[in-house]
Structure formats: structure tokens, C-alpha cells
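Asks: The listed protein sequences correspond, in order, to chains E and W. When we follow full-length UniProt numbering, the leftmost residue of the first sequence carries the number 1, and every step to the right adds one. When we follow full-length UniProt numbering, the leftmost residue of the second sequence carries the number 1, and every step to the right adds one.
Quick caveat, the hints were computed from the structure, so don't treat them as lab data. Watch out, some of these pointers could steer you wrong.
[What the hints assert, rightly or not] Quick partial rundown of chain E residues pointing at chain W, CB under 10 angstroms, derived from the structure:
hint	residue
1	I138
2	S157
3	F158
[To be verified] Covered stretches of chain W (chain E as the covering partner; in silico rule of three or more C-beta atoms under 8 angstroms from a C-beta of chain E):
hint	segment
4	91-99
5	114-124
6	127-140
7	149-155
8	172-184
[Said to hold, decoys possible] With a Cα cut of at most 27 angstroms, we get these calculated DSS-like pairs of lysine-lysine:
hint	chain 1	residue 1	chain 2	residue 2
9	W	K159	E	K153
10	E	K27	E	K83
11	W	K26	W	K64
12	W	K144	W	K17
13	W	K77	W	K26
14	W	K64	E	K99
15	W	K26	W	K95
16	W	K26	E	K153
17	W	K17	W	K64
18	W	K144	E	K153
19	E	K153	W	K136
20	W	K95	W	K136
Beta carbons are placed, not taken as given, at the ideal position from N, Cα and C, and that holds for glycine.
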Amino acid sequence: MSVKQKSRGISRTRSSSGEKLSSNMDKWREGLEELIRLLEETSSNRGSVDADKLLEILGLVGRLEREIGTGSHQALGSGGPAKGSLESDGLLLIREYVKEAVYRFSVSDDAGSVLAEALSVARALRDLSALAERGVEIIRPEDLVVLGYIDGKPVYSFRQGNSPKR
Amino acid sequence: MGSRSTRLGREIVLRDKVPERVFIEKTGDREIHYFYWRLDLYKPFDYEPVTLLDGFLCSRYHWKGLVLWTEPVVRDKPLMTFALGVHTPLVYSRKWQFWLVYCLPELTLSERFRLGFYSTMFNALLSGVIKLPSDKVFHGYMDKAVEGEVPEEYRFRPKEWIFLIIVGSLPEKLPSPVSDRLRECG
Numbered sequence: 001m002s003v004k005q006k007s008r009g010i011s012r013t014r015s016s017s018g019e020k021l022s023s024n025m026d027k028w029r030e031g032l033e034e035l036i037r038l039l040e041e042t043s044s045n046r047g048s049v050d051a052d053k054l055l056e057i058l059g060l061v062g063r064l065e066r067e068i069g070t071g072s073h074q075a076l077g078s079g080g081p082a083k084g085s086l087e088s089d090g091l092l093l094i095r096e097y098v099k100e101a102v103y104r105f106s107v108s109d110d111a112g113s114v115l116a117e118a119l120s121v122a123r124a125l126r127d128l129s130a131l132a133e134r135g136v137e138i139i140r141p142e143d144l145v146v147l148g149y150i151d152g153k154p155v156y157s158f159r160q161g162n163s164p165k166r
Numbered sequence: 001m002g003s004r005s006t007r008l009g010r011e012i013v014l015r016d017k018v019p020e021r022v023f024i025e026k027t028g029d030r031e032i033h034y035f036y037w038r039l040d041l042y043k044p045f046d047y048e049p050v051t052l053l054d055g056f057l058c059s060r061y062h063w064k065g066l067v068l069w070t071e072p073v074v075r076d077k078p079l080m081t082f083a084l085g086v087h088t089p090l091v092y093s094r095k096w097q098f099w100l101v102y103c104l105p106e107l108t109l110s111e112r113f114r115l116g117f118y119s120t121m122f123n124a125l126l127s128g129v130i131k132l133p134s135d136k137v138f139h140g141y142m143d144k145a146v147e148g149e150v151p152e153e154y155r156f157r158p159k160e161w162i163f164l165i166i167v168g169s170l171p172e173k174l175p176s177p178v179s180d181r182l183r184e185c186g
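Can you make the complete structure from the sequences, with help from the hints?
Replies: Right, dumping it as C-alpha cells:
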């Protein structure tokens, strides 16, 4: 399979700013790990969600979003996610879950369940990051293309060339 | 790849990981087997259903996705594991070809993300970057089975999917409940 780094653009090996690339990738991974740690602490702390912790999580999500939004990862070809990528959707989703948790916390409702959802998204982001590191193209639903029809309805799959028939 | 070590009963699949219980729900002449855990990551309760639709093995993905496994690896029964940290059913397949049919093209943000994640995982399996372990031992699960209904919100409704995923070759004919649903789509 010829794996393309679609949203990542530049091969890691051909950049002359290797240290910067590594540093940005590390920054993304470290940010994710910190996010997961905070969400784990908050999710497992049933019944006593800490408002400061929720704000800290929102702040960290905002920082990661800004890094993607400024395109710093993409511009450096670091292998980090880009604006409009599946990863940026994931961050937005986490932000929505945490905002919902803040609201629930403010009305003394259960915030734990939505924080658990946020945690599962954060862990999925970590898995995606690991796959991307191994050269797997991260697929968004809009990356799929129509390759046939079944019962008259379009059937989507990976682009030809990216998915050898095995 | 290991084989079963328990006597088989009405199992639909063989599994490697051990659920806390398996709820067996009868709907007409169809059985749905729900693999149950009290905890899924940090949220309570997880019911992962499998059933057969016109002979095709089916599971559910992220509430609204129906997954048809058309080329499972079979050792007496299809072999299934639970992956991704949240007990997502993953059937060992001879081909990891991935097909998606939408019923409603407007997906929520959550559905878009989960679908992208799932697609990426199959892309990794298809490309051989990740492989399912080949040294697992698979067992039946009737020793964990209880008959009964699961809570309403966790019930598996093969006619209410909004996206259909087919793993393996495209079948010439879809199971009738799936075709019925597809006809309803605009």
C-alpha cells in the first residue's frame, strides 16, 4: 500500500528542520497525554468534579486547537495534525463534551458521563497519532470516494491506490 | 490462531476476551447476543450486540452504525475480539476491504469523528500496518449467557442504522432488513 500523508504533507525525512519537526510532534503528543491525564483524573472522580480542572482541560484543548489553527504543525511538515483534519474534529468534539460537563456541573447534574466520552475521544486521538506515526493515512468520511453501488445506493471506500485488495 | 476450548452451544461467534455476561434476546426467529460489561472505559454499562441477518454476521458501531462482516475467519464459528479500549467488536476477517453506505449523509460531529477513526483503523488493517494477534485462544460464551432483554436504549435495531459498514467483499444481495432500510433512505 502506498500510504500518503495527506494532511501531513511533507515527509519527515526530507525536512532540514528535523529537530523542530520532532519537537512539534512531541508537543502534540505531550499535549494529548496531558489532556488524557486530566480527563482520567476528572472522569474517575465521580460525584466531585472539580471546576478548576474543567477550566484547565478547556484551556489545554484551546491551546491544542490554536496550534492546529495556526497551521504550525502543518507548515513545519511535522507529522502533526492540520486544520480541518480528523484530529481537529476530535478536539472540537472534546471541547463540546467539556462545555456540556461545565454546564452540567453548574446545575449539579452528572458531568462524569460526558467527560468519559471526552476521554474516549482523547484516547482515540492518541491512537490516531500512533497510526499516523506508522504511516497510516488518517481518513475523514469526506476522504472516501464512491467505488460502486449497492441496491442503487452509492458505496464509499478508500481511494484506489491507497487500498490494495488483500 | 487458537481454537475453542469450551463446548459450543448457540454461540454466534467465538470470542477471546471475557465479557461479564452475555444477554440473549429473542426477536421472532432471530437471536441477538449482547456482550455485556459493567464498565466501559469510565462510563457504566456496555452492551455490544452481534446477530445474524440472512446468514451475515452483524455488529453495531457507535450506536447508529450497522457493521456487516462478509468474510469472517471461521473456526467452527467466526472469531471475534473486542478492540479500541471500548469493547468495539472486531471480527477476524479474510479481507479487510471497507465499504460504507450512508443513509443520512448529515452526520453529527461525533459520528463523523468515530466514523473517521473506524475507517482509519481498517485502512491500517488493510495496509498491513496493524495486524490482529494470531496467538489468541477463542472460546464459546454460553457459560456467561442469560436470556432476557437489555435496557431499551441499548437494544440493537438492525433497521435503524444511519450508516452501514461492510467489511470484506461486497455481497451480491444485502440481508432483507438492511435492504428495507436502504430503500427508506432518500
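Asks: Does each hint hold? Answer for all of them.
Replies: Consistency of the hints with the structure:
1. I138: OK, holds: I138(E) within 10 angstroms of chain W, min 5 angstroms.
2. S157: holds, 5 angstroms
3. F158: holds, 6 angstroms
4. 91-99: holds (count 5)
5. 114-124: Since three or more residues must qualify, the claim that chain E covers the segment 114-124 of chain W holds, with 9 doing so at under 8 angstroms.
6. 127-140: holds (count 4)
7. 149-155: Since three or more residues must qualify, the claim that chain E covers the segment 149-155 of chain W is violated, with 0 doing so at under 8 angstroms.
8. 172-184: holds (count 4)
9. K159(W) with K153(E): Given pair K159(W), K153(E) holds - Cα atoms ~16 angstroms apart, limit 27 angstroms.
10. K27(E) with K83(E): OK: K27(E) and K83(E) at ~16 angstroms, within 27 angstroms.
11. K26(W) with K64(W): holds, 21 angstroms
12. K144(W) with K17(W): holds, 12 angstroms
13. K77(W) with K26(W): Status holds; Cα separation ~20 angstroms.
14. K64(W) with K99(E): holds, 24 angstroms
15. K26(W) with K95(W): violated, 30 angstroms
16. K26(W) with K153(E): violated, 31 angstroms
17. K17(W) with K64(W): holds, 24 angstroms
18. K144(W) with K153(E): The hint is violated at about 40 angstroms.
19. K153(E) with K136(W): violated, 38 angstroms
20. K95(W) with K136(W): Given that 27 angstroms is the threshold and the Cα spacing comes to 19 angstroms, the pair holds.
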